[in-house]
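Trainee: Line order of the protein sequences matches chains W and H. Mapping to our numbering: the first sequence position 114 is 95, numbers consecutive. Mapping to our numbering: the second sequence position 210 is 454, numbers consecutive.
You may find that some hints are simply not true.
Claimed, not checked - DMTMM-like mimics (lysine to aspartate or glutamate), calculated; alpha carbons at most 25 Å apart, straight line:
#, chain 1, residue 1, chain 2, residue 2
1, W, K144, H, D596
2, W, K147, H, E581
3, W, K147, H, D589
4, W, K144, H, D590
5, W, K147, H, E381
Rather than coming from a laboratory, the hints here were simulated on the basis of the structure.
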Amino acid sequence: MAWFTDRHCFLLAVVLYGLSAIYSVFLWRMGFRKDDHVNYFLLLAAFALHTVAMFKRGFSLNQCPVNNLYEATTFVAWTIVAAFLVIGLLPQLRFLGAFASPVLLAIGVFALMPALDPPHGPQPEFSGALRSLHAATSLLAYGAFGLGAVAAGMFLTQQHDLKFHKLRAVLSLLPPIQRLETITGWLVLAGFILFTIGLEAGRYLPRPENAGYWQDPKVVWSIFMWVVYLALLALRWMRVPSNRGFALSIIGAFMFLLLTFWGTNLLSPLHHP
Amino acid sequence: MNLVVIGLSHHSSPVELRERFAFAVAKIPDALKSLRESGVASEAVILSTCNRVEIYAATALEPASAFAELKRFLVRRSGVAGGCDSVLDCGSPLPLSSAVPAAKAPEGWRSSEPRGSSQVHGGNAEFSGDEVYSLAEPQSLHHLFKVACGLDSMVLGETEILGQLKEAYALAHRHGHTGARLNKAFQRAFNVAKHIRTETNIQRGSVSVASVAVELAEKIFSSLQDREVMVIGAGDTSEKTARALLSRGAHSIIVANRSYDRAVTLAKELGGRAVPFGDWIAEFQKIDVVISSTAAPHHILDRTKLEPLMKLRRHRPLLLVDIAVPRDVDPEVNFLENVYLYNIDDLQAIADDYLRLRKEEIARCEAIIAEKVKALLHKHENRRWKMEDGTSTSPSSILDSASSL
Chain W
-18 MAWFTDRHCF
-8 LLAVVLYGLS
2 AIYSVFLWRM
12 GFRKDDHVNY
22 FLLLAAFALH
32 TVAMFKRGFS
42 LNQCPVNNLY
52 EATTFVAWTI
62 VAAFLVIGLL
72 PQLRFLGAFA
82 SPVLLAIGVF
92 ALMPALDPPH
102 GPQPEFSGAL
112 RSLHAATSLL
122 AYGAFGLGAV
132 AAGMFLTQQH
142 DLKFHKLRAV
152 LSLLPPIQRL
162 ETITGWLVLA
172 GFILFTIGLE
182 AGRYLPRPEN
192 AGYWQDPKVV
202 WSIFMWVVYL
212 ALLALRWMRV
222 PSNRGFALSI
232 IGAFMFLLLT
242 FWGTNLLSPL
252 HHP
Chain H
245 MNLVVIGLSH
255 HSSPVELRER
265 FAFAVAKIPD
275 ALKSLRESGV
285 ASEAVILSTC
295 NRVEIYAATA
305 LEPASAFAEL
315 KRFLVRRSGV
325 AGGCDSVLDC
335 GSPLPLSSAV
345 PAAKAPEGWR
355 SSEPRGSSQV
365 HGGNAEFSGD
375 EVYSLAEPQS
385 LHHLFKVACG
395 LDSMVLGETE
405 ILGQLKEAYA
415 LAHRHGHTGA
425 RLNKAFQRAF
435 NVAKHIRTET
445 NIQRGSVSVA
455 SVAVELAEKI
465 FSSLQDREVM
475 VIGAGDTSEK
485 TARALLSRGA
495 HSIIVANRSY
505 DRAVTLAKEL
515 GGRAVPFGDW
525 IAEFQKIDVV
535 ISSTAAPHHI
545 LDRTKLEPLM
555 KLRRHRPLLL
565 VDIAVPRDVD
575 PEVNFLENVY
585 LYNIDDLQAI
595 ADDYLRLRKE
605 EIARCEAIIA
615 EKVKALLHKH
625 ENRRWKMEDG
635 TSTSPSSILD
645 SASSL
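Let the sequences and hints guide you as you build the complete structure.
Mentor: Have a look at this one:
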């Protein structure tokens, strides 16, 4: 079975994300009135395949698989689904999966683009542990931001239905909007803490010669994202944006992150030597 | 042994009549004992609620005889005149102005229907006998299962009846008035009710305005514990809504009414406090749910008043339930952030939608019940064909044996 590589494994996981996304549309059409067991198990199966893919890649490289855009992207998706599988153990929060699966499908399809996974060059001569810590915590942070955006999406859906007196607001099994708002806040805070650790770890990584740290596009972008999330959390603490405004901002910030992450990575001499 | 049922319900008789046939809980064991000693039934359960009085009995008599005897028993116990089969002796004939005083409704029994909705003569509802229905197998089993599932209730799909049926069965069982037949039938009825509750939407949602308001609150707030509720205007529906919120854990109730005395009375009943009508706005900052039903001809709360109050609330959501007609709350208020305004039509529309969903489930529930009744009868039939030596057989295998000889 040498032909069955980690990419094949990941492809199967993406197929399951796709099936989950299709089932999520069905759940949405049903007004989220049906319990979400099927979707949970689909994502669990996808997660298992996804984990196998990452392990295969990691063992083949002998280090944490976060070395190129494909690996980084799959890692982000992995953290989103891992976080969901934990949170989704609570029945009321299981519908996060219905909102997360389209995002996972989109990330998965993007990750499978061949250009994102070039062959690996010679390994840089520095400690793998710090590099793994930097990459893992940063990507975990993106996963938390992603799931926070998903929870914010659920909040906006439920809030809209309640505002406009839709029957599915009461019929659906979605959690109360106050709980969704709290979960969004906690996920963004968790993501921010992880992001801070990741950035701090990255500061101490050895750099190639003639590669400036503060001028690197990825570093500038990361600091910018860090400031954005800090500002959102601070404003939230001061109760300045409305609940709806906060939810929209979280979704907007994550969309910006998703759309610009790969570009800045490619432009960065530190990340793409 | 046939399982039969006889009784009256809200479908067949007005409350003025039902209350006279009702059994007090304390008197049921004696009634069951008396019923069994008379030889009519070897097993019996009496179900007596606001909306029905029924006797479920396992009897060796032919159904027609059993019905007559059970009806006589009911009539005798109630003291209501008339309604007996003209062929059968109902005991001493009792004219309408009977020397035997008519039975009063048992203590603590509360009618759920408004008075005056039935045909009443001289203060006593006429009993013609047609109000009593009687069913033998398989219809009796079908009826029992329907009652357990709330399909025969005044509010379709209500769940209270299952608890009442369980209590009635437990009482009879505790006093030794049930046997294999009724035990099996009632246990199966409870299982069917559970099955239907999980597999269908017949018990889903709320069909009263008050319950819909509580459901909405539960969709907005993580928990109703520690929620402050304000009742403006002390009407019947707003009282019911406040009680429903309290039963789900709402923290406290503040009542404001034009009549301060009425506000105090209601607040006392609800375990809350009253505020003068002019001061209700001052309490707004800490309120989470407002139930409004004043008789004011104009809006008592509009966007201009509410907007500055919302700023003080630091983005905490506010649920406004406006039950008044004309409306107390300006509809424009719904456009404010974190405000969720529902008027009486919105709540009623949700309640009607729930009722429609329940009605759509009736056919499915009936199909499930029919299947379960068939399975129970089949099982009972197989047991009947057990031979005396303990081997079991069935009608078809007897025929096979005969043809092979």
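Trainee: Is K147/W close enough to E581/H, meaning Cα to Cα at most 25 Å?
Mentor: holds, 17 Å
Trainee: Decide if the proposed pair is consistent with the structure: K147/W and D589/H, CA atoms, cutoff 25 Å inclusive.
Mentor: Within the cut-off at roughly 13 Å; holds.
Trainee: Going straight from one Cα to the other, do K144/W and D590/H come out at no more than 25 Å?
Mentor: holds, 11 Å
Trainee: Check whether the Cα positions of K147/W and E381/H lie no farther apart than 25 Å.
Mentor: Violated, because 45 Å separates the two Cα atoms, which is more than 25 Å.
Trainee: Would the hint linking K144/W and D596/H be met if the CA-CA limit is 25 Å?
Mentor: holds, 19 Å
Checked against the numbered hints listed earlier, the structure breaks hint 5 alone; every other hint is satisfied.
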